[in-house]
Amino acid sequence: MNIVKLAIKNIRHQWLDSALSILLLAFGVGAISMLILVEKQTTEQFNKNIQDIDMVLGAKGSPLQLILANVYHVDAPTGNIKVGEAKIITQNPTIETAIPLAYGDNYQQWRIVGTDKNYALHYSMKLKQGNEFKDEYEATIGAEVAQATGLKLGDQFLSTHGLDQEQNDEEHAHHHEYTVVGIYEKSGTVIDKLILTPVETIWHAHEEEPSENVASVETDSTLQPAPIPAIKKGPMMMLRPAHAPTAGPNDNKEVTAYLLKKRTPMAQIILPNLIKDSKMQLALPAIEINRLSQNFGIGMDTIQAIAILIMALSFISIFVSLYNSLKKRKYELALMRSMGASKWTVFSLIQLEGIITTIIGIILGGFLSRIGLSVLSQQLNNSFHYQFQITDFSIGEIILVGTTIAGGILACAIPAYQAYKLDISKTLAHE
Amino acid sequence: MLHFPDMQLGDNENCLILGESGCGKTTLLHLLAGLRTPSQGEVLFNNTSLTPLSTSDRDRFRGKNIGVIFQSSAFIASLSVLENLMMPLMLSGQIQDENKAKELLSIVHLDHKIQKPINELSIGEQQRVSIIRSIIHGPKWVLADEPTSALDNKNAESVIELLTSITNANNASLIVVTHDHRWNNAISHAIRL
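The listed protein sequences correspond, in order, to chains X and E. Counting from 1, one number per residue, gives the positions in the first sequence under the numbering used here. Counting from 1001, one number per residue, gives the positions in the second sequence under the numbering used here.
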């Protein structure tokens, strides 16, 4: 027998009193730790996928939608742009790389993206099996796609038109057969959820059936690269393209967006001017995501406030239950004193009971947050193929645990002090 | 204000403190046990005066040298018989010898209930356990507050017999504070308040 064991036995003996405190604490801690993890993981995911993408060039519309659709692949694209028109940006000297992205098809709801080798290179993807796609209708697939669809090296599959339709939708079936030539290792980036193929595949697939929302070949041959707007003399002159973009055979083809990496910070200032009269826009991922998380933040703050309130209630509950039990157990504590327990021993006993109750609440809260996270993850996975890591742990949670224990110590400080001050003679004489 | 006469007790000597209700018997017992301090005078144990000791030193002295039996036998409700018997040993920092508890319990025929929750024992059984608890840590003095006043003659007799024999066997002085005259035959040295 020691004092910790005694405290645990006492808590078990009056478990109904402790149960409410523990439950309240578990919910409060659970909600906050879930918020911490959601915030940490979304930020990580966002940052991992932004990696050096300075700008996204796409069709006019909501810039946030453009970012979400093309960097994170969670929203519908804003529309398509012409390769030729985009050259004013993609071939601009201030741009280091421009990665084309063309959408339009899916396989079992996993998006097929027409692109070039730079896309996988950008995210430093490693191949687990096979090779990078080279020819049309060759596909290199992400780890999560491979796992979910069961596609293996050398397998052939039929794409479906659109981004979300089911495979058996006859009306939208293309009957173009893709061959899996490679499977990437899991990277934690958005490519895990994508099927990559040369951009030409998408152009080719849609040649016969042009439609409103997919990258397609326009028959309008009069289209020329956008003219370079005249720039007045000044420092901006230096950044003007040295020569008009060269015309190419694919100028009339369409892509959904270009992911751009700039060569100089000036690009951000000068490039938007070059396309202000066109149907294109440049969106900055960092700014849009910042705006998104600010809006997100308001909701998070509300939940956090409620969770803190629940925790405060649980501390009051710990206080009340210890305070009440002290009235009943005064005689017991006086008895311990008569057997040689010091004032500090009975003080620590009450304090320990509060701390142990708090710790049980924290542990339970940790479990609750993981359960909540896995439910949320399941839902997100169903709609966006996004997942949360439930085995994750954050520094914020250590701070949460520390603060909660401090709150528990504070909540039982008064009952513990009363135990310390107990008049043993009066209590034992039932005065 | 209560006044008590000077009194003295030799080693291994038992003593009866008799008095009617309300004359301060329990107060005197609490003074002797160091559970409270007198406004005047002092309590000496083998030349150790309790009065000038700090609260924690008094707690320590009491834990080591004194066993107390209260009027109503009280226990820590969340613990078993054995665990309650371990408390005086734990609180006075001694080795928690379970065999000693078993040995002493067998004297009062309760060794088979050693693992039972204390609240499952009858009042009579609880009182026997509280007697064991007052002696288990090897105190030099056992103080008992009205240990028999609620008992019928037969039970009172066996408690008197148990208390005197068990303290005697463990070399402790027994000091009984009571108004119960059934003690008169067991302890000859009596002080009347």
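Everything labelled a hint here was simulated from the structure, so no lab data went into it. Careful, some of the hints might be misleading.
[Unchecked claim] Below 30 Å or equal to it, Euclidean Cα-Cα: the simulated DSBU-like pairs (lysine-lysine) are:
id	chain 1	residue 1	chain 2	residue 2
1	X	328	E	1064
2	X	5	E	1140
3	E	1140	E	1154
4	E	1154	X	343
[What the hints assert, rightly or not] Computed list of chain E residues with no C-beta within reach of chain X, every gap over 10 Å:
id	residue
5	1041
6	1043
7	1090
8	1120
9	1185
Nothing here was measured: the structure is a model prediction, and the numbers come from that model. Beta carbons are placed, not taken as given, at the ideal position from N, Cα and C, and that holds for glycine.
(message) Please list, smallest to largest, the hint numbers that this structure does not respect.
(response) 4 and 7
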